[in-house]
Amino acid sequence: MAAHDASARWRTFLEEAKEAEVMTLLSRQSNFPYLSIPFHELQTFDPDFAEDVLQYPKQVLSA
36 MAAHDASARW
46 RTFLEEAKEA
56 EVMTLLSRQS
66 NFPYLSIPFH
76 ELQTFDPDFA
86 EDVLQYPKQV
96 LSA
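Residue numbers (the working numbering): 36 to 98.
Keep in mind the hints are simulated off the structure, nothing from the lab. Quick caveat, the model's predicted, so the values are computed rather than measured. Don't take each hint at face value.
Listed next, with one range per pair, are the computed distances between beta-carbon atoms [stated by the list, open to error]:
1. E86 to N66: 33 to 41 Å
2. Q90 to N66: 27 to 35 Å
3. Q90 to L49: 18 to 26 Å
4. T47 to P92: 12 to 20 Å
5. Y91 to S65: 23 to 31 Å
6. L96 to E51: 15 to 23 Å
For every residue, glycine included, the Cβ atom is placed at its ideal position computed from N, Cα and C.
Work out the full structure: start from the sequences and follow the hints.
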């Protein structure tokens, strides 16, 4: 999997499935911001990408 492809897929997931949570996180201006993403949500949104996360975790998670 190409890194740019993983970045685009993360962006799509975050914009389409997690926009409200991202906006809330940004509005808090926390010193330790984090976003918890249950795997099943990613799997439901994009099963092929979820499989890539399992097969190539370093490449996908560092994108």
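Right, here's what the structure says about each hint:
Restraint check, E86 to N66: a C-beta distance of roughly 34 Å satisfies the suggested window 33 to 41 Å. Our hint of 27 to 35 Å for Q90 and N66 holds, since their Cβ atoms are close to 34 Å apart. Checked against the hint of 18 to 26 Å, the pair Q90 and L49 passes, with Cβ atoms roughly 21 Å apart. Taken as a hint, the range 12 to 20 Å holds for the pair T47 and P92, whose Cβ atoms sit roughly 19 Å apart.
The supplied range of 23 to 31 Å is met by Y91 and S65, whose beta-carbon atoms lie about 30 Å from each other. At about 19 Å, the CB distance of L96 to E51 agrees with the hint of 15 to 23 Å.
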